[in-house]
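**Student:** For reference, the chains in residue letters:
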Amino acid sequence: MTDVMPDWLKAEENYTPQSDKDAFIDKSIMSLIKIIGGARTANTRERGVNTELKTACTFILLVLISASGSTAFILAAGAYLLCVLSLMRAQEILSILRGSFTASLFALILLLPALNVSFTTAVKVFLSVTAAGILARSAKWHSVTAALHRFFIPDMFIFILDTALRHIFILSEYASGLFYALRLRSVGRNKGKYSSLSGVAGTVFLKSGEMADEMRSAMECRGFTGEYRVYGKPRFGAADAIYAAANLTLILSFIYLERV
Amino acid sequence: MIELNKVTYSYDGECALKSIDLFIKKGEAVALIGPIGCGKTTLLKLLNGIILPERGAYKFNGEEISRKKLQDVKFSKLFHQKIGFVFQSPDTQLFCPSVREEIAFGPRQMGLPEPEVEKRVGDCLALLGIESLAGKAPYHLSGGEKKKTAIASVIALNPDVLILDEPMSGLDPKTQVWLSEFLRGFINAGKTLISATHNLALVPRISRRAVLIDGRHAVAADMPSDKLAEEPGLLLGANLISEADLPFLGKEFR
Numbered sequence: 001m002t003d004v005m006p007d008w009l010k011a012e013e014n015y016t017p018q019s020d021k022d023a024f025i026d027k028s029i030m031s032l033i034k035i036i037g038g039a040r041t042a043n044t045r046e047r048g049v050n051t052e053l054k055t056a057c058t059f060i061l062l063v064l065i066s067a068s069g070s071t072a073f074i075l076a077a078g079a080y081l082l083c084v085l086s087l088m089r090a091q092e093i094l095s096i097l098r099g100s101f102t103a104s105l106f107a108l109i110l111l112l113p114a115l116n117v118s119f120t121t122a123v124k125v126f127l128s129v130t131a132a133g134i135l136a137r138s139a140k141w142h143s144v145t146a147a148l149h150r151f152f153i154p155d156m157f158i159f160i161l162d163t164a165l166r167h168i169f170i171l172s173e174y175a176s177g178l179f180y181a182l183r184l185r186s187v188g189r190n191k192g193k194y195s196s197l198s199g200v201a202g203t204v205f206l207k208s209g210e211m212a213d214e215m216r217s218a219m220e221c222r223g224f225t226g227e228y229r230v231y232g233k234p235r236f237g238a239a240d241a242i243y244a245a246a247n248l249t250l251i252l253s254f255i256y257l258e259r260v
Numbered sequence: 001m002i003e004l005n006k007v008t009y010s011y012d013g014e015c016a017l018k019s020i021d022l023f024i025k026k027g028e029a030v031a032l033i034g035p036i037g038c039g040k041t042t043l044l045k046l047l048n049g050i051i052l053p054e055r056g057a058y059k060f061n062g063e064e065i066s067r068k069k070l071q072d073v074k075f076s077k078l079f080h081q082k083i084g085f086v087f088q089s090p091d092t093q094l095f096c097p098s099v100r101e102e103i104a105f106g107p108r109q110m111g112l113p114e115p116e117v118e119k120r121v122g123d124c125l126a127l128l129g130i131e132s133l134a135g136k137a138p139y140h141l142s143g144g145e146k147k148k149t150a151i152a153s154v155i156a157l158n159p160d161v162l163i164l165d166e167p168m169s170g171l172d173p174k175t176q177v178w179l180s181e182f183l184r185g186f187i188n189a190g191k192t193l194i195s196a197t198h199n200l201a202l203v204p205r206i207s208r209r210a211v212l213i214d215g216r217h218a219v220a221a222d223m224p225s226d227k228l229a230e231e232p233g234l235l236l237g238a239n240l241i242s243e244a245d246l247p248f249l250g251k252e253f254r
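Note that the protein sequences, when read in sequence, are chains U and V. For the first sequence, my numbering assigns the number 1 to the initial residue and increments by one for each residue that follows. For the second sequence, my numbering assigns the number 1 to the initial residue and increments by one for each residue that follows.
Everything labelled a hint here was simulated from the structure, so no lab data went into it. Quantities reported herein were computed from a predicted structural model and do not represent experimental measurements. Be careful, since some hints might not be right.
[Unchecked claim] Here are the in silico distance ranges between beta carbons for each label pair:
| id | chain 1 | residue 1 | chain 2 | residue 2 | range |
| --- | --- | --- | --- | --- | --- |
| 1 | V | G13 | U | L97 | 40 to 46 Å |
| 2 | U | R222 | V | P232 | 16 to 22 Å |
| 3 | U | A201 | V | I36 | 27 to 33 Å |
| 4 | U | K27 | V | F75 | 44 to 50 Å |
| 5 | U | S95 | V | G13 | 17 to 23 Å |
| 6 | U | K193 | V | K227 | 36 to 42 Å |
| 7 | U | V4 | V | A134 | 14 to 20 Å |
| 8 | V | I36 | U | T16 | 38 to 44 Å |
[What the hints assert, rightly or not] DSSO-like, lysine-lysine: derived pairs with alpha carbons at most 27 Å apart:
| id | chain 1 | residue 1 | chain 2 | residue 2 |
| --- | --- | --- | --- | --- |
| 9 | V | K25 | U | K27 |
| 10 | U | K191 | V | K74 |
| 11 | V | K25 | V | K69 |
Note that beta-carbon positions come from the ideal geometry of N, C-alpha and C, so glycine has one too.
All chains should be modelled from the sequences, with the hints used to inform the complete structure.
**Tutor:** Below is the structure:
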């Protein structure tokens, strides 16, 4: 086999690299690592209140916040969400508030010409994103999709949601592998940066289609008939009772304050 | 050439490498063996500068590989040219529209003249026996063809060190024999070869030295590859084989 090795491969490479701006590879890798890290954490946390109760209460709260015309109720909902936030870890609070502030700022800028509604809408957006953030940060994704089943959401919707969430993690890992390969082989000046990037995106796209097909076949082979079942009894403890009571108080305060 | 001093690494507090000491000279052929999850792939990633040691030091050609060093674009590019890495899954390594483009990607980046790029591509296609695939899209190839394309794309950079993670995974027996012959040729050409595997039969075929990493994520033994079969106790202790494998151990290595 040595005989067939070309001469350039037997010799040591005398190469001096030129400088190139390819920070986009490292930035892409870092973004994907964040997604993978986030997905890993999302699948390990499950604290405090029963996820089904949490999902239902969050959904009701979102409807009440958007329907409310009472400043007092908005303040009460804000106080309640701040109390729940204060029970979370500092890193999680920061992450949730970062999203909430960004979304509300965006809403404020969009509605700035309508001065009379822009501030109230921005506050409502802030509270809604905070409520959704608390749910996302304190429950496993799988538990949330399972909770949706109990609320008679169509199986097909839950299946697609569950599969999409799972594939975000798998495809992010796959894409990060491709970016690492691109970085390792980016040993000089890359004249076609965008074409490398589109190559990575195209490969991930093809892979996602192949994985979806394979998963559907595997599920059919294992007897999946399109019905999404949830096993296990829902638990209800002291924390759930307190949480339910707090939310019931909010609902009653909505009914009362909207009448005043 | 490669020097690891008391290197430690962990994922979210879970130990993956524990106080690894390793010295690899130029032209050596080393196999990293150990059970699944012992840290072989992590060690290979570290050798490629994808991850950096939490504690300890990694030196390549006498220079310590650190975050600051890798932020120096020229150094980083030269380092990656010197060390070629073939991933376990070729799927995560191929991103160009055709096999020819995939192999030409590295040489073109190196600024080689186009005739030289064409020569390297042609040589690599011939060397790996994939001339007929030159115009095909890598994504639609079979596992073995993808692996050959991935190896060709790295070989085209003419690295001093070739690192392979589970080189035989997903290959049929004929291609495995072919690949081990190819890697032997690569070693005989004076290159350094580091491969991670848990396939004991492969070890003497593609390496002269075996480094055993055990379940404690530390180096349990460092010995000539052909002596590995004489140390069943070590392999048992590292959880790489079971008692039932003992009668077949000698045959496994032949």
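**Student:** Now tell me, hint by hint, if it's right for this structure.
**Tutor:** Hint check:
1. G13(V) x L97(U): 40 to 46 Å: Since G13(V) and L97(U) have Cβ atoms about 26 Å apart, the given range 40 to 46 Å is violated.
2. R222(U) x P232(V): 16 to 22 Å: 40 Å, violated
3. A201(U) x I36(V): 27 to 33 Å: 32 Å, holds
4. K27(U) x F75(V): 44 to 50 Å: For F75(V) against K27(U), whose Cβ atoms are near 20 Å apart, the range 44 to 50 Å is violated.
5. S95(U) x G13(V): 17 to 23 Å: Cβ of S95(U) to Cβ of G13(V): about 20 Å, so the range 17 to 23 Å holds.
6. K193(U) x K227(V): 36 to 42 Å: With Cβ atoms ~49 Å apart, the hint is violated.
7. V4(U) x A134(V): 14 to 20 Å: Since the Cβ atoms of V4(U) and A134(V) sit about 18 Å apart, the hinted range of 14 to 20 Å holds.
8. I36(V) x T16(U): 38 to 44 Å: 41 Å, holds
9. K25(V) x K27(U): 34 Å, violated
10. K191(U) x K74(V): With a Cα-Cα distance of about 16 Å, the restraint between K191(U) and K74(V) holds, given a limit of 27 Å.
11. K25(V) x K69(V): Measuring from Cα to Cα gives roughly 22 Å; hence the hint holds.
In summary, the structure is inconsistent with hints 1, 2, 4, 6, 9 from the numbered list given earlier, while agreeing with the others.
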